[in-house]
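Taken in order, these protein sequences are the chains called A and B. Residues 1 to 178 in our numbering are what the first sequence spells out, letter by letter. Residues 1 to 139 in our numbering are what the second sequence spells out, letter by letter.
Just so you know, these hints were derived from the structure itself, not from any lab. Hints should not be assumed to be uniformly reliable.
[Unchecked claim] No farther apart than 35 Å at their CA atoms in a straight line, the calculated lysine-lysine pairs in the DSBU-like style are these:
hint : chain 1 : residue 1 : chain 2 : residue 2
1    : A       : Lys121    : B       : Lys133
2    : B       : Lys131    : B       : Lys78
3    : B       : Lys78     : B       : Lys133
4    : B       : Lys78     : B       : Lys113
5    : B       : Lys113    : B       : Lys131
6    : A       : Lys45     : B       : Lys113
7    : A       : Lys121    : B       : Lys78
8    : B       : Lys131    : A       : Lys121
9    : B       : Lys113    : B       : Lys26
10   : A       : Lys45     : A       : Lys121
11   : B       : Lys78     : B       : Lys90
12   : A       : Lys45     : A       : Lys85
13   : B       : Lys78     : B       : Lys26
14   : B       : Lys131    : A       : Lys45
15   : B       : Lys133    : B       : Lys90
[As the list claims (entries may be wrong)] A short list of chain B residues far from chain A (calculated; beta carbon distances all over 10 Å):
hint : residue
16   : Ala36
17   : Gly67
18   : Asp74
19   : Asp87
20   : Ser102
21   : Gly123
22   : Lys133
For each residue, glycine too, the CB sits at the ideal point set by N, CA and C.
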Amino acid sequence: MPEKVADFSDVTVLVVDDNQYMRQLIGHMLRAFGVGTVIHADNAKDAFREIRLSRVDCLIVDWLMPGMSGIEFVLMVRTSPQSPKPDIPIILCTGHSDRDHVEEGRDAGVNEVLTKPLSPKSLFDKLDSSINTPRPFIITPGYTGPCRRRRGNVKYEGIERRRNKGLQQNDIDSLLFS
Amino acid sequence: MPPISRDQAIARADAMLESVFADYPKHLEATFTEMAALAAAENWEALHIAAHDLKGQAGTCGWPIVGLIARSLDAAFKTGDSAHFADAAKVHLDCMQLCLRSSIQSPNPATEKFLGELDDLVGRMTQTAEKAKIPAKGA
Numbered sequence: 001m002p003e004k005v006a007d008f009s010d011v012t013v014l015v016v017d018d019n020q021y022m023r024q025l026i027g028h029m030l031r032a033f034g035v036g037t038v039i040h041a042d043n044a045k046d047a048f049r050e051i052r053l054s055r056v057d058c059l060i061v062d063w064l065m066p067g068m069s070g071i072e073f074v075l076m077v078r079t080s081p082q083s084p085k086p087d088i089p090i091i092l093c094t095g096h097s098d099r100d101h102v103e104e105g106r107d108a109g110v111n112e113v114l115t116k117p118l119s120p121k122s123l124f125d126k127l128d129s130s131i132n133t134p135r136p137f138i139i140t141p142g143y144t145g146p147c148r149r150r151r152g153n154v155k156y157e158g159i160e161r162r163r164n165k166g167l168q169q170n171d172i173d174s175l176l177f178s
Numbered sequence: 001m002p003p004i005s006r007d008q009a010i011a012r013a014d015a016m017l018e019s020v021f022a023d024y025p026k027h028l029e030a031t032f033t034e035m036a037a038l039a040a041a042e043n044w045e046a047l048h049i050a051a052h053d054l055k056g057q058a059g060t061c062g063w064p065i066v067g068l069i070a071r072s073l074d075a076a077f078k079t080g081d082s083a084h085f086a087d088a089a090k091v092h093l094d095c096m097q098l099c100l101r102s103s104i105q106s107p108n109p110a111t112e113k114f115l116g117e118l119d120d121l122v123g124r125m126t127q128t129a130e131k132a133k134i135p136a137k138g139a
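Make the full structure from the sequences, and use the hints.
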């Protein structure tokens, strides 16, 4: 089987993180993946302005930011009447890997949750999934965001329900799309 | 740039990060200086945010032991036991600086002891906060 190739040369990613070092680090990884344009914002307000002014194809958003948090920003992008692109793919980065936080991210309407520490492998897979295999977008009175059901006919193995923190990335993915 | 395979993309990012990470110890040194200044000023909110940021960042940059200590400091602040924030900040920053000076990047048998002691400290802060009915806070 030929190896899958990815072409992000026409993609613009906006990285939203108050931590300059993390913004630069994520930017380095994205450019190595061949992402055409990487832009940055250090707060949610500026990021929202950027989405309105520029063509942005994907957001990578840190959870914990001063002022408006990553989750509040996601909700604003998904539901605000002023939002120019409510269905834009969003990857939420977080140091929290416990079940409650992952569910909160899912219910806010993120496409993917990426737990720190980040790696090129995890970032590439989330980016590829968000851009190249998007899930149907759902708008209901209680939820706006990508369909929370798992793609395709993948057998759900389930997560360890009694475990309350320290979920692994695979568990997080199961929780997001189960 | 022409389309590339997943493996090629990841390998290229790994190679690029290797050069970035070579300078990370200098970045850590500057970060610890800033965190010490925040502790001296008793700016616990800013120090909590710095610890939370470092928790994810240090592991990403090849210093998981610093990430673990930062995680512990983050947990110490979450207890809400503000009477012991200064002690917790000092001991955690001392441990981080020790690891940096000794070029200890990952947990090893020698770090088990102080990681255990940091866990105990956070456990005692949690108990103190519970007795005083101080609500734990998120970050």
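A quick look at each hint next to the structure:
1. Lys121(A) <-> Lys133(B): Violated, at about 43 Å.
2. Lys131(B) <-> Lys78(B): OK: lysine 131(B) and lysine 78(B) at ~15 Å, within 35 Å.
3. Lys78(B) <-> Lys133(B): 14 Å, holds
4. Lys78(B) <-> Lys113(B): 23 Å, holds
5. Lys113(B) <-> Lys131(B): 27 Å, holds
6. Lys45(A) <-> Lys113(B): 44 Å, violated
7. Lys121(A) <-> Lys78(B): 31 Å, holds
8. Lys131(B) <-> Lys121(A): 45 Å, violated
9. Lys113(B) <-> Lys26(B): Judged against 35 Å, a Cα distance of about 26 Å means the pair holds.
10. Lys45(A) <-> Lys121(A): 30 Å, holds
11. Lys78(B) <-> Lys90(B): 16 Å, holds
12. Lys45(A) <-> Lys85(A): 15 Å, holds
13. Lys78(B) <-> Lys26(B): 28 Å, holds
14. Lys131(B) <-> Lys45(A): Violated, because 40 Å separates the two Cα atoms, which is more than 35 Å.
15. Lys133(B) <-> Lys90(B): 25 Å, holds
16. Ala36: Answer for alanine 36(B): holds, closest chain A Cβ roughly 18 Å.
17. Gly67: 6 Å, violated
18. Asp74: 8 Å, violated
19. Asp87: 23 Å, holds
20. Ser102: About 21 Å separates serine 102(B) from the closest Cβ of chain A, which puts it past 10 Å; holds.
21. Gly123: 15 Å, holds
22. Lys133: 22 Å, holds
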